[in-house]
Every structure is written in C-alpha cells, then in structure tokens.
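Respectively, the protein sequence lines represent chains A and B.
One point on numbering: in the working numbering, the residue at position 129 of the first sequence is 924, and numbering is uninterrupted.
One point on numbering: in the working numbering, the residue at position 188 of the second sequence is 983, and numbering is uninterrupted.
By construction, these hints were calculated from the structure, which means they are not laboratory data.
It cannot be assumed that every hint is accurate.
As the list makes no split between identical chains, a pair holds if one copy fits it or if it spans any two.
Unchecked claim - Below, simulated DSBU-like cross-link-like pairs (lysine-lysine); rule was C-alpha separation at most 30 Å, straight line:
id : residue 1 : residue 2
1  : Lys-883   : Lys-856
2  : Lys-914   : Lys-850
3  : Lys-883   : Lys-850
4  : Lys-978   : Lys-838
5  : Lys-978   : Lys-907
6  : Lys-914   : Lys-838
7  : Lys-893   : Lys-856
8  : Lys-828   : Lys-874
9  : Lys-850   : Lys-836
10 : Lys-978   : Lys-914
11 : Lys-978   : Lys-874
12 : Lys-883   : Lys-838
Since the model is a prediction, treat every value here as computed from it, not as a measurement.
Each chain, letter by letter, is given below.
There are 2 protein chains.
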Amino acid sequence: MNIGILVFDDVEVLDFCGPLETFSVVNDVSDTKSNVFTISKRKNPVQARSNLIVKSNYSIKDHPALDILIIPGGNGARKIFNDEEILKWIYIQYGRVKYLLSVCTGALILAKLGLLLNKKATTHHTCFHLLEEIDPTIEIVRDQRFVDEDKIVTSGGISAGIDMSFFMIEKIWGEDLAKAVAKEMEYYIS
Amino acid sequence: MNIGILVFDDVEVLDFCGPLETFSVVNDVSDTKSNVFTISKRKNPVQARSNLIVKSNYSIKDHPALDILIIPGGNGARKIFNDEEILKWIYIQYGRVKYLLSVCTGALILAKLGLLLNKKATTHHTCFHLLEEIDPTIEIVRDQRFVDEDKIVTSGGISAGIDMSFFMIEKIWGEDLAKAVAKEMEYYIS
Chain A
796 MNIGILVFDD VEVLDFCGPL ETFSVVNDVS DTKSNVFTIS KRKNPVQARS
846 NLIVKSNYSI KDHPALDILI IPGGNGARKI FNDEEILKWI YIQYGRVKYL
896 LSVCTGALIL AKLGLLLNKK ATTHHTCFHL LEEIDPTIEI VRDQRFVDED
946 KIVTSGGISA GIDMSFFMIE KIWGEDLAKA VAKEMEYYIS
Chain B
796 MNIGILVFDD VEVLDFCGPL ETFSVVNDVS DTKSNVFTIS KRKNPVQARS
846 NLIVKSNYSI KDHPALDILI IPGGNGARKI FNDEEILKWI YIQYGRVKYL
896 LSVCTGALIL AKLGLLLNKK ATTHHTCFHL LEEIDPTIEI VRDQRFVDED
946 KIVTSGGISA GIDMSFFMIE KIWGEDLAKA VAKEMEYYIS
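The shape of chain A in the complex, shown without the other chains (with noise of 0.2 Å):
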C-alpha cells in the first residue's frame, strides 16, 4: 500500500504528519506494508508552517504509483489553486488511486478541481463558506470529524486527519488493527 502525503510551502504541520504518523504505525503493530511518503512539486526543502524544513522524499514527477493520495491543508494550500502543474497532477492521481484524502483546508483544493461536485464535504470550520464559494454543489458537513464518500474521504481542521487515518486504517484493514494503531499511538478513538 503506498501512501503519498503531498507537502508544500506553508502547508500546515499536523495536516500531513498526523496521517504520516498514523498510517506508518500501521507497520509496527502488524505484518501489513504500509508505505508512506512526501511528495512535493520539486524535490527541494519545503518550508512547511512553523519553521518546519522538510526535504520530500519524491517529486510529482518520480514519485511510485499510489494507493492513497492525501493533500493537507494550510496557508500554503491556497497557492496550490493557481499551480496548474500540481492541480492536473492531483486530477491525474485521482483516476488512478483507491482513494484521495483531504485535511483541513486541502478539501478546497479537490473542491477548484471539481471533485466533490454534488458530494459531502468538510474543511477547517474558519472555511465552510469557501468551500461553498468553491462550489455551491458541495453538501457542507459542519459537525463530523470526517466525511466519507467512498473514493474521496474529507476531514475537518487540522488534528482531524488523524481521527480520517483511523477510518481508513479502519476501512481497509479492520477495526482490530486500527485499535492496535490507537493503542501504539496512545489516541483515543470512537
């Protein structure tokens, strides 16, 4: 299973490090490979927020077939909306994985792509109505950590990618081993 978390300039920290952390435990509690990893547009030092220097481990260009495409959120992710490069990038990925997955304000962007046209949805609750701007088609969910809509899963602010890793672990792999990923993890999961 490869998992590629995307990360740019100002994205915010917990957004991807939340997943990153929760789907690589996945391997310390079972005999599943669950491969994670960054992808940034190039593969130089991205300056995510709060100082925060993160060398990528692939580029959009190098990177392995994926499984799981997560985008987080941010400041940094509103400059992404006008990078035609990562947008057909993220369009192209999307026919191709089992699942693309947002955090926080990553929702926007799979919103300006027109993916979640007629879908649920959610996003950082500072930014249900630009998610409504986006597209007034969304079904805005404004109570739930998460919101499922099979390929495409959203999550709300920030620590909530972590609460949307413990649904897809849940959902590929079983309630047991997303149990044993909360206990490892010391989270507490509904």
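Given chain A's structure and the hints, the job is docking chain B onto it.
Same frame as chain A, but now just chain B:
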C-alpha cells in the same frame, strides 16, 4: 518565548510535530509570540521515523537561548543514551530553561541524566519497565497523559505530547488561550 525541539534520526514524527503544531498555533490565535524551532546535533538533515526527512533550524551549537526544551522519543531516543555530547547539552539546557518537557520515550533520556530522581514521571506504556530500570527512584505514573513536576513535565506515548502541550499553554498563558488553540486545531481537550 523560544521553544526548541530536539530532533534526531528515528525520532517519532508525532512526538515532535504534535508539540510543534500546538505551540505554533498560539501565534495564530493571540498576540503572544511563540517561536518554535527544531534543533539537531548537526545541521544535516535528520531522517525521522516514517521516511520524514527534516532539516533542523539550528544545531546544538548555534540555537538561540531556550525558554522551553522538548525531548521527543522514538527508536532513535535510545541511541541518544550513548551520545555524551547531546546528553551534556540537554543537561546544560536543563539549568537554563524554564521548562524541560519530554514526549514518549524522551523521558528515558531525562531518566538517564538523573533528572527524574525521586520524581513522578510517565513515558510510552510499553516502556514503563525501562524507565524503572534506568532509575528505580522514579514513581511511574501509568494512568495520566502527562505528569507535571514543575520544571520538568513528562508525557505518555506519541499523541500524549499534544495534550501536554495544551497543558503547558494553559500553565504559561492561561486557559482561554489553550481553548482558542484547541478550537483552531479542532482538538478536544478535557
């Protein structure tokens, strides 16, 4: 407020990114200045757990004076045990900082330095026995997310570092700010 987070090869991602995120969001929701950065032994990239490559902001030789030092855990924490240079640096910082915090198996490093002598402390739930072995005078706390010993605060495994960060934000800046950060991060604190 200068908050330094030690990073090293095989550091657990959420151990350091949880506090990094939480202390950073303080800046988003208040006029308080919370300057959070990573510190490594050398300024070379650090290969954290889960394929995450981090370029630290400072080395242990060139970082600004710290108010808070955070020692995360992970498999790499045990290698720090034999690194006299880092151990000495942590010990010196302990004399200078207002607070020394550990996440997960970072507590083992503090124990190794003798800093938890006759104190209550916690760590990842699979490592309680190791903490006891290193220093039998430590009173292991098995049922709390974090343990406050004034200048030293230890937290449990992986995600517990986020809860400890909220506790520290409340301790330093008050409950209202902690609540504002939690709301922004969509994290539930008790």
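Given identical chains, is Lys-978 near Lys-914, meaning Cα to Cα at most 30 Å, within a copy, between copies, both, or neither? between (33 Å within a copy, 26 Å between copies)
If the cutoff is 30 Å on CA atoms, where do Lys-828 and Lys-874 land: within, between, both or neither? Let me know, please. between (33 Å within a copy, 25 Å between copies)
Is the C-alpha distance from Lys-883 to Lys-856 at most 30 Å within one copy, between copies, in both cases, or in neither? within (12 Å within a copy, 44 Å between copies)
When no copy is specified for Lys-914 and Lys-850, does a C-alpha distance of 30 Å or less occur within a copy, between copies, both, or neither? For Lys-914 and Lys-850, neither the intra-copy (34 Å) nor the inter-copy (39 Å) Cα distance is at most 30 Å.
Measure nothing new, just compare the shortest in-copy and cross-copy C-alpha distances for Lys-978 and Lys-838 to 30 Å and report within, between, both or neither. Intra 34 Å, inter 34 Å, cutoff 30 Å: neither.
Within, between, both or neither, where Lys-883 and Lys-850 count as close if Cα-Cα is 30 Å or less: Both. Shortest intra-copy (22 Å) and inter-copy (29 Å) distances satisfy the 30 Å Cα cut-off.
Classify it for me, Lys-850 with Lys-836: is the Cα-Cα distance of at most 30 Å met within a copy, between copies, both or neither? both (11 Å within a copy, 18 Å between copies)
30 Å Cα threshold - placement of Lys-874 relative to Lys-978: The answer is between: 24 Å across copies meets 30 Å, while 37 Å in one copy does not.
State whether the alpha carbon distance between Lys-893 and Lys-856 is at most 30 Å within one copy, between copies, both, or neither. Answer is within: at 19 Å inside a copy they meet the 30 Å cutoff, but 46 Å across does not.
Go through the copies and call it for Lys-883 and Lys-838: within, between, both or neither, with a Cα cutoff of 30 Å. Intra 18 Å, inter 35 Å, cutoff 30 Å: intra-copy only.
Lys-978 and Lys-907: within-copy, between-copy, both or neither at 30 Å Cα: Cα proximity of Lys-978 and Lys-907: across copies only (26 Å, versus 37 Å in one copy).
Give the relationship of Lys-914 and Lys-838 under a CA distance limit of 30 Å: within one copy only, between copies only, both, or neither. Neither, since 33 Å and 46 Å both go past 30 Å.
Going down the numbered hints, you'll see the structure goes against 2, 4 and 6, while the others check out.
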